[in-house]
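Number of protein chains: 2
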Amino acid sequence: MLACLDLEGVLLPEIWIKFAEKTGIEKLKLTTRDIPDYDELMQGRLSVLKEKNLKIQDIQDVISTLSPLDGAVNFLNWLKSEFQVIILSDTFYQFAGPLMKQLSYPTLFCHNLIIDDKGVIVDYRLRQKDQKTKAVKALQSLNLKVISAGDSYNDIGMIKQADAGILFCPPKKVIEEFPQFPVATNYDEFQQLFIETKNRLLSNA
Amino acid sequence: MLACLDLEGVLLPEIWIKFAEKTGIEKLKLTTRDIPDYDELMQGRLSVLKEKNLKIQDIQDVISTLSPLDGAVNFLNWLKSEFQVIILSDTFYQFAGPLMKQLSYPTLFCHNLIIDDKGVIVDYRLRQKDQKTKAVKALQSLNLKVISAGDSYNDIGMIKQADAGILFCPPKKVIEEFPQFPVATNYDEFQQLFIETKNRLLSNA
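Protein chains in written order, with the numbering used here: chain A, 72 to 276; chain B, 72 to 276.
Pulled out of the complex, with its shape left as it was, chain A reads as follows:
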């Protein structure tokens, strides 16, 4: 049985927000809540980085001072001992890298930044659209039972596609909109829901 897990908001803090806080760059605090068009948001972020002359190494240096959420390392270690785990995230490998080390490098599928010879981030490339849902579908085609878990709208596709889903500390709006999914508000509850969900899927099998 496979657990497909979101990364930011579940194991790590929101990287752009934390990066904005650390560097004091207000414009980088904008999210899809402020600018719903993702490409517009990302192009804006890249312009800010260029304007501030922040290269990939500078950014990674800041990101490597961040930490996983309290309790995330223990939770992930437990999860790996009970499930096969794949992290499905809409972040970029080059951003997550320094933090993945602190999580002992679980398997991560996400996206890539395009970086030139001088370390300037010139663009970004989504690996594929709606990658989380597609990944769960592809993994199910291998006769794996999948439990998906995440915190926000971009996780709903993979949660619906999975054999079962769990929400972890989601915004109130997400809970109201998707009352069919169980909600964990801390890692103890999250662990308990994974155990219960696994047992339910096994007894249905």
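One should not assume that every hint holds.
As the list makes no split between identical chains, a pair holds if one copy fits it or if it spans any two.
[As the list claims (entries may be wrong)] Here are the simulated BS3-like cross-link-like pairs (lysine-lysine), alpha carbons at most 27 Å apart as the crow flies: (1) K189 - K216; (2) K269 - K189; (3) K205 - K269; (4) K231 - K208; (5) K216 - K205.
Worth flagging that the hints you see were computed from the coordinates, not collected in a lab.
With chain A fixed as given, assemble chain B onto it according to the hints.
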């Protein structure tokens, strides 16, 4: 970029063989080289376990005294820092489990034993036929570039399907039959081949 890695012969010893040595049960030393029909071989193994009254817990106790191959832990830690890693193995979760702990639980796709309430292994269930090749294909459909690596005939499918392949300490016959694939004879060479292969795939991209 994703590394799909075989388990036994690459990171772990051959579990059945080691188990046979530890317990002194000669009949369990038979492999597909002796009994080419896999189902016949497995049913034979299960009868021996039944005859000796070996339950899953007894077997796991023996297996937990085994160790990964010398250098495997370091190699895998390096590999995880440079690639996303999924282990594709034709072993069983219940056998590999005690050894996966020593490898810090990398993501593993393999097969299941059917165990009754008393801990007796009553049968086995392949997750799917030719699962390694199918897994690589499914992962490529997610726009992941895959490098597959293994040591034997059951790895050739996934090596051919992958964007590139590497053989690790294969039998002479396999080298002769598949001269198109580079061969590593130790972890240093294996690491070097992964780096070279990655660079080649990136420069072609």
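We went through each hint and held it up to the structure:
Taking CA atoms no more than 27 Å apart as the test, K189 paired with K216 passes between copies only; the shortest distance there is 25 Å, against 44 Å inside one copy. In this homomeric assembly, K269 and K189 come within 27 Å of each other (Cα to Cα) only across copies, at 21 Å, whereas the closest approach inside a single copy is 48 Å. In this homomeric assembly, K205 and K269 come within 27 Å of each other (Cα to Cα) both inside a single copy, at 22 Å, and across copies, at 25 Å. With identical chains, the CA atoms of K231 and K208 are at most 27 Å apart both within one copy (11 Å) and between copies (23 Å).
In this homomeric assembly, K216 and K205 come within 27 Å of each other (Cα to Cα) both inside a single copy, at 15 Å, and across copies, at 16 Å.
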